[in-house]
Every structure is written in C-alpha cells, then in structure tokens.
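Construct the complete structure from the given sequences, taking the supplied hints into account.
Chains W and R, in that order, are what the protein sequence lines are. So for the first sequence, my numbering puts the first residue at 102; every next one is plus one. So for the second sequence, my numbering puts the first residue at 102; every next one is plus one.
Hints may contain errors.
What the hints assert, rightly or not - Listed next, with one range per pair, are the computed distances between beta-carbon atoms:
| hint | chain 1 | residue 1 | chain 2 | residue 2 | range |
| --- | --- | --- | --- | --- | --- |
| 1 | R | Arg377 | W | Val138 | 41 to 47 Å |
| 2 | W | Asp269 | R | Asn388 | 53 to 59 Å |
| 3 | W | Asn193 | R | Asp370 | 56 to 62 Å |
Rather than coming from a laboratory, the hints here were simulated on the basis of the structure. If you're wondering where the values come from, they're calculated on a predicted model, not measured in any experiment. Note that beta-carbon positions come from the ideal geometry of N, C-alpha and C, so glycine has one too.
Number of protein chains: 2
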Amino acid sequence: MAFEKDYEEIKERFENYYNSFISGLTDIPEPLHSSMVYSLSSEGKRLRPILFLSAADVFGAEETESLYKTACAIECIHTYSLIHDDLPCMDNSDMRRGKPSNHKVYGEDVAVLAGDALLNLVYELLFDAVTLASNESKDKFIRAGRIISERAGARGLIGGQVVDTSVDMTKHVSAKLNYIYQHKTADLIGVSLMAGALVGGADESEIKKIREAGDNIGYAFQITDDILDMEDKDDDDKMNFVKVYGIKEARRAVSDKTALALTQLSSLDKDVSFLRSLTKHLSIRKN
Amino acid sequence: MAFEKDYEEIKERFENYYNSFISGLTDIPEPLHSSMVYSLSSEGKRLRPILFLSAADVFGAEETESLYKTACAIECIHTYSLIHDDLPCMDNSDMRRGKPSNHKVYGEDVAVLAGDALLNLVYELLFDAVTLASNESKDKFIRAGRIISERAGARGLIGGQVVDTSVDMTKHVSAKLNYIYQHKTADLIGVSLMAGALVGGADESEIKKIREAGDNIGYAFQITDDILDMEDKDDDDKMNFVKVYGIKEARRAVSDKTALALTQLSSLDKDVSFLRSLTKHLSIRKN
Numbered sequence: 102m103a104f105e106k107d108y109e110e111i112k113e114r115f116e117n118y119y120n121s122f123i124s125g126l127t128d129i130p131e132p133l134h135s136s137m138v139y140s141l142s143s144e145g146k147r148l149r150p151i152l153f154l155s156a157a158d159v160f161g162a163e164e165t166e167s168l169y170k171t172a173c174a175i176e177c178i179h180t181y182s183l184i185h186d187d188l189p190c191m192d193n194s195d196m197r198r199g200k201p202s203n204h205k206v207y208g209e210d211v212a213v214l215a216g217d218a219l220l221n222l223v224y225e226l227l228f229d230a231v232t233l234a235s236n237e238s239k240d241k242f243i244r245a246g247r248i249i250s251e252r253a254g255a256r257g258l259i260g261g262q263v264v265d266t267s268v269d270m271t272k273h274v275s276a277k278l279n280y281i282y283q284h285k286t287a288d289l290i291g292v293s294l295m296a297g298a299l300v301g302g303a304d305e306s307e308i309k310k311i312r313e314a315g316d317n318i319g320y321a322f323q324i325t326d327d328i329l330d331m332e333d334k335d336d337d338d339k340m341n342f343v344k345v346y347g348i349k350e351a352r353r354a355v356s357d358k359t360a361l362a363l364t365q366l367s368s369l370d371k372d373v374s375f376l377r378s379l380t381k382h383l384s385i386r387k388n
Numbered sequence: 102m103a104f105e106k107d108y109e110e111i112k113e114r115f116e117n118y119y120n121s122f123i124s125g126l127t128d129i130p131e132p133l134h135s136s137m138v139y140s141l142s143s144e145g146k147r148l149r150p151i152l153f154l155s156a157a158d159v160f161g162a163e164e165t166e167s168l169y170k171t172a173c174a175i176e177c178i179h180t181y182s183l184i185h186d187d188l189p190c191m192d193n194s195d196m197r198r199g200k201p202s203n204h205k206v207y208g209e210d211v212a213v214l215a216g217d218a219l220l221n222l223v224y225e226l227l228f229d230a231v232t233l234a235s236n237e238s239k240d241k242f243i244r245a246g247r248i249i250s251e252r253a254g255a256r257g258l259i260g261g262q263v264v265d266t267s268v269d270m271t272k273h274v275s276a277k278l279n280y281i282y283q284h285k286t287a288d289l290i291g292v293s294l295m296a297g298a299l300v301g302g303a304d305e306s307e308i309k310k311i312r313e314a315g316d317n318i319g320y321a322f323q324i325t326d327d328i329l330d331m332e333d334k335d336d337d338d339k340m341n342f343v344k345v346y347g348i349k350e351a352r353r354a355v356s357d358k359t360a361l362a363l364t365q366l367s368s369l370d371k372d373v374s375f376l377r378s379l380t381k382h383l384s385i386r387k388n
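As structure tokens, then:
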C-alpha cells in the first residue's frame with residue numbers, strides 16, 4: 102500500500118500546482134477557454150508529470166516553479182494529443198476519460214484550435230520554465246525543453262500517430278507496430294523520465310539508462326493498454342500487438358519489457374524504489 | 102525599384118537557409134513528411150521572416166544560425182495556421198497559395214497532424230536557436246522564444262482564429278473585428294518585428310515602439326487583404342472591416358494605420374528606411 106500512498110501524495114502535489122495553472126488561464130476568448138479547461142481538468146492518472154517529477158526527485162532536483170511548469174507542459178502534450186486523436190477525421194472517439202470528447206461538446210473547429218492552443222501552451226510553459234530558472238539551472242531547462250520538443254514532434258509522438266492513423270498495415274506489420282509503440286507512446290513516457298533526470302543534473306550515461314528504461318516502460322504500457330482494450334471494448338479496425346501476436350505473447354512482452362526497465366532503473370545506483378514500484382504497478386494495472 | 106531589389110535580396114538570403122532547413126527534415130514517416138514539405142515549400146511572400154530579419158538588422162543583430170532558425174520558426178507558425186484554417190471544419194478552403202490546400206491532397210487526418218507537426222517544429226527551431234546562441238545572446242533568444250510563444254497562443258493568433266471562426270458576429274461587431282484583426286493578423290506580424298528587435302538587443306522603449314508599429318502594420322495588412330478579397334473573390338459569410346464600414350472607410354483606415362506605423366518606426370532613431378518602404382509597399386499592394 103505504500104506505493105499507492107506515495108503515488109497519491111505526489112499526484113496531489115502536482116495537481117495543486119496544475120489546478121492553479123488552469124485557473125490562471127485567463128484572457129482567452131470563449132469558447133476556446135472553456136474547451137481548453139474542459140480537457141485539461143478531466144480526471145487522469147497524471148502518469149507523465151508524475152514520472153517527470155519522480156525522475157527529477159531521484160536526481161535531487163529542487164522543487165521550483167520551473168519544475169512544476171515543466172510537469173504541466175508534459176501533461177498538456179498528452180491532453181492536446183488526445184483531443185486531436187479523438188477528432189472524427191482521426192480515431193472518431195465520442196468519449197474520453199469518462200466524458201464526451203472535446204469535439205462532441207465544442208465542435209470540431211474549436212477542438213482543433215483547443216488542441217493547437219494546448220500544444221502552443223506547452224511551449225509557453227517551457228519558455229517560462231527556462232526564464233524563471235536560476236542561472237545555474239537554466240541550461241538544464243533548455244536541454245529539457247529541447248528534448249521534449251524533439252520527442253513531441255514529427256519524429257516522435259506525431260510521427261507515431263500518423264503511422265497509426267493512416268498507414269497501410271497489411272505489410273511489414275511488425276516494423277510498423279514497433280514504430281507506432283515507440284513513438285506514439287514510449288516517446289512521451291520516456292522523455293518524461295529523461296527530462297526529469299536532465300533537470301536533476303543527470304550525466305550522459307544516466308540519461309541513457311533512464312531513456313532505455315522509459316522506452317521499455319512505454320512499450321509495456323501500450324501493450325497493456327491493448328490487452329485491456331481487447332478485454333473491455335468493442336473491436337476496431339486498428340492493428341495492435343495482441344491481434345498480431347496473441348494474448349499470451351502480449352503478456353510475455355509486457356513482462357519482459359518491465360523486467361528490462363527494472364534492471365535499467367536499478368543500474369542507476371540511486372534510490373529508485375518509487376519508480377520501480379510504479380513500473381511494476383503499470384504492468385499489472387486493470388485500467 | 103530599390104525597395105523591390107532589397108526585398109528580393111533579403112528574401113533570397115532567407116530562402117537559401119529555409120530550403121536547406123526543409124531538405125533537412127528527414128526521418129519523418131510518410132505521408133507526414135510529404136504533407137509538411139508540400140505546405141512549407143509553397144510560394145509565399147515570406148513577409149514575417151523578412152520583417153523579423155529586417156528588424157534584427159536595424160538593431161545590429163549578427164547573422165547567426167540562431168537568427169535564421171528563428172526566422173524559419175516564424176514562417177512555420179504562419180504555414181501551420183494556414184493548414185488548420187483551411188480544414189473543412191474551419192474555413193473549408195480548397196486552394197491555398199495557388200495550389201490545392203493540404204487536406205485536399207493528403208486528407209484531413211494528415212493535414213491536422215502536419216499542422217501539429219509544424220507548430221511543434223516552431224519550438225524545436227526556437228529551442229535549437231537558444232541552444233546554439235552564444236552565451237551573451239542566449240537570454241535574447243530566450244526572450245524572443247517566450248514572446249513568440251505568447252503571441253502564437255490562445256491569447257494571440259489562436260484566440261483570433263477562434264473568434265473569427267466560431268463567434269456570433271451579430272452583436273458588438275466593432276469590438277470583435279478589433280479582436281480578430283489584432284490577434285489573427287497583427288500579433289504575428291507585430292511579434293516578428295519585436296522578436297527581431299529583441300535579438301538585436303533593443304531596449305524596452307524601442308521594443309514598445311516597434312510593437313506599436315508592428316500592430317499598426319498588421320492591422321493595415323488585414324484590412325488591405327479584405328479590400329483585395331472584396332475585389333477578387335466570391336463573397337463568404339464572414340464579417341470583415343469592408344463589409345461593416347465600407348470601402349472608403351477601409352482605405353482611410355489603411356492609410357491612417359500606415360501613417361502611424363511610419364511615424365513610430367521613424368521615432369526609433371535608427372536606419373529604418375527598408376522597413377518604412379516595406380510598410381508603404383504593403384499598404385498599396387495588389388496581392
């Protein structure tokens with residue numbers, strides 16, 4: 102139970118800041134403002150900002166405004182990508198996080214612009230984080246901003262979404278699934294850990310280890326999502342790991358990737374007990 | 102003719118860098134890559150990067166990689182916003198810059214993601230610009246990145262687009278037109294000048310003057326667009342300055358705003374001859 106308590110504690114700390122950040126979104130015209138707040142304030146696990154804050158803590162980062170702004174930026178990337186993924190021209194999802202998706206409430210035009218506004222807000226936050234950082238930590242926040250921007254972009258998250266949405270999956274399925282899982286899911290989960298390590302002052306070899314751990318955690322996370330989807334929901338047209346390799350192989354992959362991630366985390370020679378518990382928890386979650 | 106020659110010269114210098122930047126967009130999956138390149142490589146005036154580079158030159162900024170990356174970022178903001186504005190759920194435009202709009206060629210899903218990818222690329226470029234800047238100019242590029250992110254966002258460009266697209270224009274037309282013109286058009290034109298001045302090391306009073314000049318140039322630019330639209334194209338449902346105030350008042354507003362901008366530029370006590378010529382040229386342009 103210690104893990105759940107720790108998770109809730111760090112989540113509450115994040116959400117205290119996050120909610121005041123949302124309240125500070127003023128001077129934005131309607132219906133854009135309501136549409137942005139609608140998706141930002143949906144219930145969520147806050148997994149990515151918690152990974153970021155935990156990795157930062159492992160490396161001894163101070164609890165600064167810059168740290169929390171970066172955590173909010175990471176949550177905004179996730180939220181904008183969900184709004185755009187749900188659009189009729191993409192996954193056409195009517196529901197998200199237990200309520201109607203953004204475009205069902207505000208219309209497609211506003212949902213496109215709300216997603217754009219949240220993506221742009223990511224960088225308002227990251228440039229603020231750099232501006233507010235102390236002189237000695239400024240370069241760390243610049244590196245974090247830069248690596249987040251790379252992994253969020255056409256070579257990262259958006260590239261993964263394009264292949265998932267629009268590429269013919271009848272050939273080279275295995276390579277394409279790999280590409281989608283790495284970029285659509287593992288890139289953001291991995292960079293949350295990497296950025297946390299960066300702002301905590303990790304060295305190159307530590308960054309490499311945490312990147313590999315993050316990518317394995319992300320890969321296992323996506324396969325677990327697929328397993329839960331197969332159990333819970335109506336089938337859709339999309340190819341996924343479970344459909345291609347079967348449920349047994351999927352469970353094995355989750356277990357293997359998780360074991361790898363745990364080893365990589367332990368090799369850091371830091372107190373990674375919370376991150377290890379979180380990694381294990383993600384592999385056996387039921388939602 | 103000196104002005105046209107100067108404009109072409111600076112445009113060619115920008116496009117040399119810009120074209121190599123486009124060629125460097127590798128490791129991006131298809132059809133995302135083609136879709137991004139399709140819109141980036143469309144013919145355009147390159148007005149905003151040219152305003153940025155000219156303002157930087159007025160204040161003596163060095164011709165660095167950081168300078169040109171920032172210029173490319175500004176063009177990317179403009180291009181992404183056109184792709185999303187043209188979507189069926191927004192302005193539903195089939196043509197853009199003399200060729201079919203992005204979604205007509207690549208489909209709506211890819212066009213949404215290409216716009217997202219270009220918006221994200223803006224910040225990959227701006228973080229690169231900061232990273233590559235010399236120690237003494239790093240803070241200037243951080244300030245430029247920060248102000249660009251503000252004006253591109255929900256309180257700027259995107260806010261203007263929301264009001265233009267989705268707000269009832271039967272009441273308070275004058276206030277709403279003002280909001281749209283300031284944010285949808287003048288924000289990006291104004292911040293191109295401001296960011297140029299910032300990276301050139303302008304002081305607060307100079308930034309204020311160039312901001313005011315930029316906003317007036319942007320406002321006059323949008324009304325001129327409306328005048329040209331009324332002459333050239335089929336009418337659409339959208340409210341604009343010409344429909345509300347008539348063509349005579351529109352021409353007078355262009356002339357007034359342009360005169361104000363020229364005075365504000367001259368008050369800088371710098372060599373602003375190119376920027377003054379450009380401002381005059383924009384007010385009498387035919388396309």
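Hints the structure fails to honour
Violated hint (a single one): 2; every other hint is consistent with the structure.
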